[in-house]
Amino acid sequence: MSIDVLLQQIVNGLVVGSVYALVALGYTMVYGILQLINFAHGEIVMIGALAALFVTNALIAVGVPPALALVIAILAAMIICAIVGVSVERIAYRPLRTAPRLAPLITAIGVSIFLQQIAILVFGRNYFTFPEIIPKTPMQFGAVIVTPNEIVIFVTSLLLMAGLLFLVNKTKIGTAMRATAEDQKVAGLMGIDINKIIAFTFAIGSGLGAVAGVMVASNYGQAHYFMGFMLGLKAFTAAVMGGIGNLWGAMVGGLILGLVENVGLMFVRGDYKDIFAFVVLVLVLIFRPQGLIGEKVAERA
Amino acid sequence: MTAMLEVKQLEVAYGGIKAIKKIDFYVNEGELVTLIGANGAGKSSTLRALSGLVKPVGGTVSYRGQDITGVESHELVGLGIALCPEGRGVFKRLDVHENLLMGAFARKDTAQIMSEVDEIYTLIPRLKERTKQMAGTLSGGEQQMLAIGRAMLAQPKLLMLDEPSMGLAPLMVEKIFEIIRLIAKRGTTILLIEQNAQLALENAHRGYVLESGEMKMQGEAKSLLADPRVKEAYLGG
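Chains P and X are the protein sequences, given in the same order.
Counted the way the working numbering counts, the first sequence spans residues 1 to 301.
Counted the way the working numbering counts, the second sequence spans residues 302 to 538.
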């Protein structure tokens, strides 16, 4: 076990972790505004991956340059996922907004299964190969090997996260999102249409999920209707680890989970990789249920 | 002349229990009208019904001749109605400046909004010192000032205040009422809900007395202040 292997695993962990972070943001944003664990979010990611895969292949088939095809496909996937996410909120969650918390939670699990079945109907049950558009030729940096594909994934993730932080913290609609998350009634009194803000939150979270789906598919070279399940659970774990409802928490949680998983691989066989997420989840729930980044706001009066 | 706000036979119920039983009242343009009553008399229920937070089970609310019964609260702001809710309702996790900007959410005239924000800072210097501070860290009085300032940024024609003096020290209450008087003097119509009957009636043109969901008395604020029944029940004899 050498330091070189450790460095390599850290790099791998950061790449995977940045994708977890993007997905975790979708969970945490929806939780922040509705206190709902949207278990269908993993399926949104899956739909993003499959939609992008099919659009890319279709465009390449008609002669569009692969790089351009990929960009168009990602945008299309984001739009498709935003529409699916907003529709799910409108049809499945909104009618239950004042219902006891268990009802929307069970509904979310139902939606998750429903979306998987829809994906089977639309795309099929096969494992589809995601075309290699951004090269995966290994590049050597000292002892560490990185592919251009991984670099693009990592950098894109960071840019999207920075963009989201800007949106939420510095813009009018972002301020309205935070206001709605804190008190829907008072937000309404300010003239904020909270239904629009909630729909917007689902759209943004789903759009980020779509990009994450494409990243996973391109990183592993494949996509299939069940890919959202484990990814969704892990991203959910990341969101809980960071402190669900907190954007920084989701990002930090995602990166840490990616690191734990990949560094952990140095000690166990590859097939056991998935247990790390759940060990982390259990430990966090026991020792720090509010997450690593707890509420920082003082409340007086 | 028709009243700016006219409430007729308003009824509010929570799961079969009537909180408001067919009350009537009105507010004329430019007036400061107060609705007083003890705890649980139905004051806040009335305001909730007016501001779209609960749907009334009966009666009508009209504003400048337009029926606004049961209109969603976010649509009222555009009509020129703002509510400063009970318990202040500032966004504790937003800073002072962001809270004020949320008051102007429905508006697009950024330059004008900014000059009005500055005006509020001049009016309430305590807020200016704390622009970047989370509203949750302010004292109760400061939060109330922020809530009123925020409501003013909606440029309301009708401002509804729900118990602005609640839980505040006497000195702070005096300060809040100073601000309310100033707003009234500038021509904003005000509907003030208060438990502090003395202070409310001293500042209002007209008043209504709500008791167990029914309108018991109404009239000029001065004559209510002098009324022995009001004195006995609300002004401590």
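Hints may contain errors.
Claimed, not checked - Straight line, CA to CA, 35 Å or less: simulated DSBU-like cross-link-like pairs of lysine-lysine:
id : chain 1 : residue 1 : chain 2 : residue 2
1  : X       : Lys393    : P       : Lys170
2  : X       : Lys523    : P       : Lys196
3  : X       : Lys476    : P       : Lys172
4  : P       : Lys172    : X       : Lys458
5  : X       : Lys309    : P       : Lys273
6  : X       : Lys323    : X       : Lys309
7  : X       : Lys409    : P       : Lys196
8  : X       : Lys393    : X       : Lys476
9  : X       : Lys486    : X       : Lys323
10 : X       : Lys433    : P       : Lys172
11 : P       : Lys196    : X       : Lys532
12 : X       : Lys393    : P       : Lys196
If you're looking for bench data, these hints aren't it; they were derived computationally from the structure.
Outcome of the hint check:
no.	hint	verdict
1	X:Lys393 to P:Lys170	holds, 17 Å
2	X:Lys523 to P:Lys196	violated, 46 Å
3	X:Lys476 to P:Lys172	holds, 31 Å
4	P:Lys172 to X:Lys458	holds, 24 Å
5	X:Lys309 to P:Lys273	violated, 68 Å
6	X:Lys323 to X:Lys309	holds, 7 Å
7	X:Lys409 to P:Lys196	holds, 18 Å
8	X:Lys393 to X:Lys476	holds, 22 Å
9	X:Lys486 to X:Lys323	holds, 32 Å
10	X:Lys433 to P:Lys172	holds, 16 Å
11	P:Lys196 to X:Lys532	violated, 49 Å
12	X:Lys393 to P:Lys196	holds, 22 Å
In summary, the structure is inconsistent with hints 2, 5 and 11 from the numbered list given earlier, while agreeing with the others.
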